[in-house]
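First to last, the protein sequences are chains L and A. Take 17 as the starting number for the first sequence in the working numbering and just add one per residue. Take 387 as the starting number for the second sequence in the working numbering and just add one per residue.
Everything labelled a hint here was simulated from the structure, so no lab data went into it. It cannot be assumed that every hint is accurate.
Partial list, computed: chain A residues near chain L (C-beta under 10 Å) [as the list claims (entries may be wrong)]: (1) Met497; (2) Arg517; (3) Glu552; (4) Phe705; (5) Ser706.
Partial chain A-side listing against chain L, Cβ under 7 Å, derived [unchecked claim]: (6) Gly513; (7) Ile519; (8) Ala541.
Every residue, glycine too, gets a C-beta built ideally from N, C-alpha and C.
Each chain, written out:
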Amino acid sequence: MSAPVSYIEAIRLALGDALEADPNVFIYGQDIAGVFGGAFKATKGLAERFPTRVLNSPISEDGMAGVAVGAALQGCRPVIEFQFADFASVAFNQMVNHAATYFWRTGCTIPAVFRLPAGGTPGGGPFHCQMPEAWLCHHPGLIVVAPATVADAYGMLRDSIDCADPVAFCEHKFLYNHLKDELDSAAPRLPLGRAAVRRPGSDCTLVSYGWMVHQCLEAAALLEAEHGIACEVIDLRCLRPLDTQTVLESLSRTHRLVVATEAWPYGGVAAEVIACATTEGFTMLDAPPVRLCAADVPIPYQVDLFNAFKPDAARIAAAVLATVEF
Amino acid sequence: MSATRLALWRGMVLGRALDERLAALYRQGGIRGGSVFLGKGQEALSVAAAMPLRAGPEGDLYAPLIRDTAGRLALGESLSDAFLTYLGRRSGPMRGRDGNIHRGRPNMGMMPMISHLGSGVAPVCGGLMARRIQGRLGDTVGLVNLGDGTMNTGATHEGLNIAAVERLPLIAVVADNQVSYSTFSDRTYACRSLIDRAAGYGFAAYTCDGTDADACLTTCAQAVAAARAGAGPQMIVATLLRISGHGEHDDGSYIPQALRDRFPDPVPHYEQRLLSEGVLDAATVAAVWEDARTSIAAALATAQAEAEPVPGEEDWCAFSVRNLRGGDTP
Numbered sequence: 017m018s019a020p021v022s023y024i025e026a027i028r029l030a031l032g033d034a035l036e037a038d039p040n041v042f043i044y045g046q047d048i049a050g051v052f053g054g055a056f057k058a059t060k061g062l063a064e065r066f067p068t069r070v071l072n073s074p075i076s077e078d079g080m081a082g083v084a085v086g087a088a089l090q091g092c093r094p095v096i097e098f099q100f101a102d103f104a105s106v107a108f109n110q111m112v113n114h115a116a117t118y119f120w121r122t123g124c125t126i127p128a129v130f131r132l133p134a135g136g137t138p139g140g141g142p143f144h145c146q147m148p149e150a151w152l153c154h155h156p157g158l159i160v161v162a163p164a165t166v167a168d169a170y171g172m173l174r175d176s177i178d179c180a181d182p183v184a185f186c187e188h189k190f191l192y193n194h195l196k197d198e199l200d201s202a203a204p205r206l207p208l209g210r211a212a213v214r215r216p217g218s219d220c221t222l223v224s225y226g227w228m229v230h231q232c233l234e235a236a237a238l239l240e241a242e243h244g245i246a247c248e249v250i251d252l253r254c255l256r257p258l259d260t261q262t263v264l265e266s267l268s269r270t271h272r273l274v275v276a277t278e279a280w281p282y283g284g285v286a287a288e289v290i291a292c293a294t295t296e297g298f299t300m301l302d303a304p305p306v307r308l309c310a311a312d313v314p315i316p317y318q319v320d321l322f323n324a325f326k327p328d329a330a331r332i333a334a335a336v337l338a339t340v341e342f
Numbered sequence: 387m388s389a390t391r392l393a394l395w396r397g398m399v400l401g402r403a404l405d406e407r408l409a410a411l412y413r414q415g416g417i418r419g420g421s422v423f424l425g426k427g428q429e430a431l432s433v434a435a436a437m438p439l440r441a442g443p444e445g446d447l448y449a450p451l452i453r454d455t456a457g458r459l460a461l462g463e464s465l466s467d468a469f470l471t472y473l474g475r476r477s478g479p480m481r482g483r484d485g486n487i488h489r490g491r492p493n494m495g496m497m498p499m500i501s502h503l504g505s506g507v508a509p510v511c512g513g514l515m516a517r518r519i520q521g522r523l524g525d526t527v528g529l530v531n532l533g534d535g536t537m538n539t540g541a542t543h544e545g546l547n548i549a550a551v552e553r554l555p556l557i558a559v560v561a562d563n564q565v566s567y568s569t570f571s572d573r574t575y576a577c578r579s580l581i582d583r584a585a586g587y588g589f590a591a592y593t594c595d596g597t598d599a600d601a602c603l604t605t606c607a608q609a610v611a612a613a614r615a616g617a618g619p620q621m622i623v624a625t626l627l628r629i630s631g632h633g634e635h636d637d638g639s640y641i642p643q644a645l646r647d648r649f650p651d652p653v654p655h656y657e658q659r660l661l662s663e664g665v666l667d668a669a670t671v672a673a674v675w676e677d678a679r680t681s682i683a684a685a686l687a688t689a690q691a692e693a694e695p696v697p698g699e700e701d702w703c704a705f706s707v708r709n710l711r712g713g714d715t716p
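Input sequences plus hints: build the corresponding full structure.
Encoded structure:
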């Protein structure tokens, strides 16, 4: 196998391969062209290879998303890079009212990808660490994905660009340079819309996505080693549509559920998973499902506050223990 | 030239006649729910802007707004599309899923507007950028209809700026109709004229009297030709008056008579001019109006006979990709 690549390198490779594979793919976003190559370097070197298809935009998120809608209608496959997922809120209108409604209203598809660098890094504060998936998932017509692994950062981005419907691609900023793995870009991949079982287990189902998957895996290892508790860790991968089948199948074996996310609790993906478990899997449950989310406040700046703001492996492990002992 | 002027007048007549039939249908209770939105007073500009455009999948991109009944028809939208959409019929372009002036046929370059004003600008920019990337832009252009109200949204600003930065063949046609729903321009913008913004964006600037059909024709033809020739984005601000209310649920009684007196109704105004110049005669006027009303009545009758959507037959899925959950390759 080749040398390990980082999550952000996998994204860069996917963008380059997609540009290479299809002349209708182009990337539009702030600071992505020239020698700079983007705030997180996701497009570093791509403008040199594809000068007419890696284009800097003004600071106009709504305009960028609108460009994607019109370009997609002409047969292009635009990839819009938001500098931070937080700024998708100023593109909300084009994403949810235009891109998401188009197919239902007109029968014309919008194969656009909105890349959303999401999630927390210490010191990012209230406006550079947000998780936008809940409000994007709420609107019918948008596919919302959140890769947790290097392989998914590559493969799900390729599949999102190939997808006929608009995709909000929530990539986690902390994983950009902290996660490295070997990458076989030609390996067969799980399709969009399917959750992955990252660790099998029979005592409790742990559901999450993005960076939090790794906290769940750490908690599962700890629980196994110290308590002999076998957690099944499910990485949702795709948040809309949601692979409830995989969650329910796991629940049929474990009868216990803990959902952990870095996002806020109210009306979020964790709430949706638990709604599914209680409405469709009620008789399988041996304990009340547990929802672990970020604190219900704006994202704090100071590092100790930020670390305490969101669940981590220790809190996940404690929740599993309480559930198992219920 | 007289053939072009006659075509313009005919387009104005057809638009006005359709609007009047839609208004009557609404008052008769013939439309379930919602309202109807007319272009009365804006026909000259609307038709003049659409006339230099080319229809079809490889033609120009056209993003009409609320008050472009007449322009839509001039570019080839069928009378049926209006009725089928207002009536929510399954065989219409929006299949009952969206209504009224939100209709369009994107594959034919006719963009269906959404209610969020200014949202149509950036997609037309994106369409033109896509064609440039694909090497098939040629001398096609994009035209967006805007109003004095629409000029104040962030979406409009971002879209117009992108058009200028990308030096796109975009024509922004601004109908300054004096009023945003019920709020007059003194509370909606403070520059001397909306055309002052053209220089700020880097657009070529034109103004014209939007009640003068000949002036609209000349100005729009010039701006579209310039965009086709590669001169970059063009902005026209035409001054006119919205004669009706915002929609037919609104009688527009807040528009003072003194303001109404300043603006002639462009349809009879132009008709009188063409009559006085001998380009038109009274018999032709009567025949064209009669023909318009007959075609409209026929289109309405046909649309009314069409089926409404059946809730139980809808698939209720907003995604085109149907097999995401369950694991098949999308």
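Here's how the hints hold up against the structure:
1. Met497: Holds: closest Cβ of chain L sits about 8 Å from Met497(A), inside 10 Å.
2. Arg517: At about 6 Å, which falls below the 10 Å cut-off, the nearest Cβ of chain L leaves the hint on Arg517(A) intact, so it holds.
3. Glu552: Where the cut-off is 10 Å and the nearest Cβ of chain L is about 8 Å from Glu552(A), the hint holds.
4. Phe705: It holds, given that the least Cβ distance between Phe705(A) and chain L is near 5 Å, below 10 Å.
5. Ser706: holds, 5 Å
6. Gly513: Holds, because the Cβ-Cβ distance from Gly513(A) to chain L comes to roughly 4 Å (cut-off 7 Å).
7. Ile519: Ile519(A) check passes; min Cβ-Cβ to chain L is 6 Å, inside 7 Å.
8. Ala541: holds, 5 Å
Figure legend: structure checked against the earlier numbered hints; every hint is met.
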